[in-house]
Amino acid sequence: MIGLYWAFARISFLTQLEYRGQYFMRMVAKILGWSTGFIMLMVLLQKFRTVGGWSIYEILLLYAFDVISYSIASTFCMGAFGKLPRMIRQGELDGILTKPVNPFVYLVSTKISAGYTSNYVIALGIMVFSLKKLGISLNGFSLVWLILDIIGASFIQAAGFMVTTVPAFWLYKSDGLYRLFYKNLTDFLKYPLSIYHRGVQALLTFLLPYAFINFYPVQYFIHKQEGMFSSYFQYLTPIVGIVTFLGAYCFWLKGLRAYKSTGS
Amino acid sequence: MVIYLETRKRGGDKQMYMTLIKCSFKQQIQFKWDLLFHIIGDWLRIYIKICIWNALLMAGSGDGADFKSLAAYTIVASMVMLLTKSHVAEDLSDRVRSGMIAVDLIRPISLKWYCFFNQIGENLFSLLFEGVLIAVISWKVWSLPIPEIKIIIPFVLCLTMGIIIMFYIQYIIGLLVFWMKDGTYTNMITYALFVMFSGIEIPLWFYPDWLRGIGQALPFRFIVHEPIVIWLGQMGVREIAFTLMMQMFWLMTLFLTERNLWNFIKKNIEIQGG
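These protein sequence lines map, in sequence, to chains A and C.
Each residue of the first sequence is one higher than the one before, starting from 0 at the first, in numbering that gives the first Met the number 0.
Each residue of the second sequence is one higher than the one before, starting from 0 at the first, in numbering that gives the first Met the number 0.
Please note that the accuracy of each hint is not assured.
[As the list claims (entries may be wrong)] For lysine-lysine, the following DSSO-like pairs were computed, each having C-alpha atoms within a straight-line distance of at most 30 angstroms:
| # | chain 1 | residue 1 | chain 2 | residue 2 |
| --- | --- | --- | --- | --- |
| 1 | A | Lys182 | C | Lys84 |
| 2 | A | Lys189 | C | Lys67 |
| 3 | A | Lys259 | C | Lys31 |
| 4 | A | Lys189 | C | Lys139 |
| 5 | A | Lys189 | C | Lys13 |
| 6 | A | Lys132 | C | Lys48 |
| 7 | A | Lys172 | C | Lys67 |
| 8 | C | Lys139 | A | Lys182 |
No lab work stands behind these hints: they were computed from the structure.
Let the hints inform the model, and build the full structure from the sequences given.
Below, the structure is given as structure tokens:
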């Protein structure tokens, strides 16, 4: 069974490499897109040296956590859930439901994306660089913890995609929801959460736990204790990740049950 | 189809019409929600910026920039953002792929101006329904100063030229679709350059010299940064005149580029399908 999923994923990866020119343009565009965000951040940081008591490299670490987990989540879920509203509207989803495999796994493995390679490279580079500059050396345990954190953060990102696109089962359109509750709200993550109003901090901790993507877990590595809530929050990312992802998965199942084909 | 069958079962055309009305009403609501989400999203972006400016200014060096001018900068920049949105590249690539471009080539109205006015109409709509609300409220909340009329006139002039410059850039990039067959990524590249060099995110006066140097050689800063600096009253008469001249220069350059490109395309074009 797993072999089958693997075959789907491999084929979809290879199809994207087929058009090399297009793949290359996409790489350039993506690299430029990411580096713009990065350069804008650097412009501010080189001018002011510190934002809300966080140093340049601490903020870069925040940035790296965000980008890596985003890229991992996008590799698997962006294709599937980004196209979900259209698939629902055009009745394409029917085809998937008739397949004798778990629709979630089928969707994810056929829509896996090859376009995020450059993101991994850049974000990993930034992470290693800023860890080095901060004088943080990873021993066995902290390395494992770092990996667990990243996995947890990716789950949160993926849950974010899913929860904001699954409402398309009822509304047939969800790009507004996605833009506001995912894109705009994760914009807050670029800077330490403590510079924002308490309400925003509470919102991003309890209601939409995006703060666990980088703000809390990073504090463990740089020995900071910030935020208006318990200092134990810096250990919670893996758990929050799994819980939110399971929640999102249940939501997806609920959407699937409510799915009425639009026909055509 | 489902709706149709359901109403047929129950019988009666009236119900069918009711269902149709319900559907279109739902669509309208959807549209309103979309608008609401857009407005909230714009607010969030402005709020994040304001928090960052606050945090930075609290830490010390604002480099002479005070909170009010940074807040005003941020808000005017988001208005410019609304006015320079564009889907020209996507439109053109759709037309090329579907072969519609063949019809556009023989039409009496120029494709370029058709695209321009179409886009401007949409953008003015979003300025009216999203922008004005945001601007009025933030002006009240942070009690920002309103510039005098003798500044507003050159501001509007400079902004209008900036919008046309941006449109020309997007249109030229859109025309490249004849060689690409897909406009998504060229569009992304232009947008990245726009964000980096126009000052839409961060005022150019915070840029390091080398980056500002590159920006000097590109047209992007005349779209956002220069009009806003005029608005903030930080430009003398001679500087304003110089800025407007530079905008004229860029417009001429872009105009000639577009003409040449267009003539080249007309001569060498292969049209798919039709």
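Hints, one by one, checked against the model:
Distance check on the hinted pair: Lys182 of chain A and Lys84 of chain C sit about 18 angstroms apart at the alpha-carbon level, within 30 angstroms; holds. Restraint check for Lys189 of chain A and Lys67 of chain C: the C-alpha separation of about 23 angstroms stays at or below 30 angstroms, so the hint holds. Using a Cα cut-off of 30 angstroms, the hinted pair Lys259 of chain A and Lys31 of chain C holds, with the two alpha carbons roughly 24 angstroms apart. Pair hint Lys189 of chain A plus Lys139 of chain C holds up; C-alpha atoms about 28 angstroms apart against a cutoff of 30 angstroms.
A distance of roughly 54 angstroms separates the Cα atoms of Lys189 of chain A and Lys13 of chain C; the hinted pair therefore is violated under the 30 angstroms criterion. Under the criterion of a C-alpha separation no larger than 30 angstroms, the hint pairing Lys132 of chain A with Lys48 of chain C is consistent with the structure, at around 27 angstroms. Only pairs whose Cα atoms come within 30 angstroms are accepted, and Lys172 of chain A paired with Lys67 of chain C is rejected, the gap being roughly 39 angstroms. With a C-alpha separation of about 28 angstroms, the suggested pairing of Lys139 of chain C with Lys182 of chain A holds against the 30 angstroms cut-off.
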